[in-house]
Amino acid sequence: MATLKLNSVKKRFGKTEVIHGVDIDIAEGEFIVIVGPSGCGKSTLLRMVAGLETVTAGDIEISGKRVNDLEPMDRDIAMVFQNYALYPHMSVYENISYGLRIAGVAKDEIARRVATAANMLQLDAHLKRKPRELSGGQRQRVAMGRAIVRKPSVFLFDEPLSNLDAKLRVQMRLEIKALQKELGITSLYVTHDQVEAMTLADRMIVMHDGVADQIGAPLDVYANPATQFVAGFIGSPATNFVPATSLATPRSGCATVGVRPEHARIVHSGNGHATGIVTFSEALGAETLIHLALPSGEQFTVRQEGSMPGRNPGEHCGIDWPPASEIHFDAAGQRVTAR
Amino acid sequence: MVESRGTGLWLTHAGLIVGVLIIFFPIWLAFVASTVTQTEITQPPMPLWPGDRFFENYRDALVSGVNAPVARMLANSLVMAMGIALGKIVISLLSAFAIVYFRFPGRRLFFWLIFLTLMLPVEVRIVPTYEVVAGFGMLNSYSGLIFPLIASATATFLFRQFFLTVPDELAEAARVDGARPMRFFWDILLPMSRTNIAALFVILFIYGWNQYLWPLLITTDPSMNTIVMGIKQMFPSGDDIADWPVIMATSILAMLPPIIVVISMQNLFIRGLVDSEK
Amino acid sequence: MEKRVIFKGWLLPLLLLMPQVIITAVFFFYPAGQAIWQSLFIPDPFGLKSQFVGLGNFEFLLGDPYYRASFVTTAIFSGLVTIFSMGIALYLALLADRLIKGAGTYRTLLIWPYAVAPAVAGVLWLFMFNTRVGVVSWYLGLLGYDWNHVLNQTEAMGLVVAASSWGRISYNFLFFLAGLQAIPRSVIEAAAIDGARFWTRFRTIVWPLLSPTTFFLLVVNVVYAFFETFGVIHTITGGGPQQATTILVYKVYSDGFVGQDLGSSAAQSVILLLVVGLLTVIQFKFIERRVHY
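Sequence lines, in order, name chains Z, D and V. Per numbering that gives the first Met the number 0: the first sequence ends with 338, consecutive numbering throughout. Per numbering that gives the first Met the number 0: the second sequence ends with 277, consecutive numbering throughout. Per numbering that gives the first Met the number 0: the third sequence ends with 292, consecutive numbering throughout.
Hints were generated in silico from the structure; no laboratory data involved. Misleading hints may appear alongside valid ones.
[Said to hold, decoys possible] Straight-line alpha carbon distances no greater than 25 angstroms define the calculated SDA-like cross-link-like pairs of lysine to any residue that follow: (1) Z:K4 - Z:N67; (2) V:K2 - D:I259; (3) Z:K14 - D:R107.
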């Protein structure tokens, strides 16, 4: 059990700075997910915590101890890699126990810990197999097992589910969450998938261009995005952005107005805050997504109950939403709260 | 492929069989010659079917030979071929590991120096190399036979290429697991390179076994001759008649070990060949 | 391509490099440097001191009719070896590729001459064509052809070419067969359905798609003929008759070790070095274009 703290951590590769000072404070046992598009620096940040990349500036502390200059093995962390990084010539048992064997843990203790982990991960029957004889999900579990047996203070996950198919991903997501709750180990998890972030995180960090745009509980981030980027990245379908000047009654004090698709509804043409032409509508059963083109050129998506009447392409409609649901941003994309 | 059928199929087989027979013929003749008497050979035409002197001829060759017992030459060849194959594999594994997995001052320079050696076969620098070996007093010694022939970087280059294809995450996972560099090398990199090592071993063994010019220069003592170069030494100078049955038995013995290696490890051999030419 | 920085430290990697560096320095760079250095001197006949002559050795060589003849000999020899060994190998590979069953068996039967050392190949062919006991030369005699490669320059060249090509067929066969098998079957089947007969298919589809392999083998075989055939020449003809089979590598040896003309031998080494360098550059240029084998 440990805390993990990042103090204005920066990373430069040559002359280009890819992480511009990130502060994170993770409590004991907390599950933190870093989410962001590819190239935002999230993996680099994780690898710095792991000790696989050097820290250009700032401090990383685990349980209050500065670890910047420690080797990965001395940081009391375990890591699950995107492609699992299983040793192809070792059996599952050897893969899981490798770290313990290096640490010189006694044989019977190793056997006991591997048995516990294998049991927890339903790998008992596969301990003698080689990684290539396992399915994707099983490999994933072996990678988890390797992390678990070392009883680390901090778990690090680098997009561990991105190599799995959609169905398995949902299942493994639940397993990881349950496992982390059971073990109570402080975890830092990196993903580009916002659904994964929303479902797994106690708190999530949205990263964008080497900066942590927002840190907070998933629902809080969803309801109160700090920047236009966060509003657009978290939530699917994405938040609609409309120029403040193009609304029926132009808003002042902000440049862009954000509206979540579920807050908007279709009204008769001429009513509401904006008008648009239906481009197409997707009936998904429980809900229907109606895509419209605004006169200003923006796309706008309305999400409505599946039981509501659909709309035909070419139809002129009005779009309405409760003014309180609007999210306002300035020209730089920062949230404007004083309304 | 558009498979041949009927007559075409038979013609294809016939063409291949003729090719195989022509390629076999010199070796068949050598084998026959190694099983008959000297008289049968010196009164042409020699028979084309094996005689009954197999054991006598091979015993003569192995035990007494012409200048030195062929058994001794076989042992010399074995030491040389193994020394070259294993020596080159060991030093190349270590240096390729250093070049791929570390950053240190002079790394690029080392890389280019090693790369440069790819260009020059030993035949091109024989005179000065001979002087160096003579200067170390390594004439007529195994180290003299072996060291100059492992002084090139083909294998280093090969292992470098292979190490570059090993996923970075494996080394990182090993680091997180607490493995120091040599532990990673020993526990992970080496076992993963097994096939490449075996394939390279086959190629290098044959390369070492078949060396001719170098042993010819530095082994003046018949008891240090390797079998491949020793055959030529068995021919008498001047007009004396060569002891053909013993010479041909020796030729067969000289071919046998590399042929066994090639046939028994055919797939590794082909792989090694393709790898080492890339 | 580079690894991400993985392990720290500089002492360990230097130690790991040491064996290779020491062996290469002592047995490679020093001798190669010596070759270049010696090529600038003429030692006196007693080997007591040597006189600096600059490029004199090179000037002498290029004006030396024997050396120029050796160049021509090498060109003819390597040209013939390359053509014969590649031609026969391609022919056999085309046949084997037509079989669905059995190609592997023929491959096994055809690859093992690769393991026969050039020097041993030389002895085998010498035995077949020996003027006194050779079977082939005896039957040629029956047909009224008096074979004598000890005296006849053309026959000597023919014999070393045959022995050198023979040992090389396996190698070329392997690469040609691999190259042929790498050609997508659908392409050839499509051509067959379009009505192209075997020869047309070969000319318009197989040969162009095989060209990377062919070009690669061309370079490799020239290198082989230049350097690795020393054993064949030394066992069969000893460079004769009248130097008719003295290729460049053989001349480096005979001038350096038999003739003890170190300056000239070193200069020849340097020239060969340039030739190999050129061939290697060609090979690497080609390999950069990445072929399929």
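Each hint tested on the structure:
| no. | hint | in the structure |
| --- | --- | --- |
| 1 | Z:K4 - Z:N67 | 11 angstroms, holds |
| 2 | V:K2 - D:I259 | 39 angstroms, violated |
| 3 | Z:K14 - D:R107 | 22 angstroms, holds |
Violated hint: 2 only; the structure is consistent with all others.
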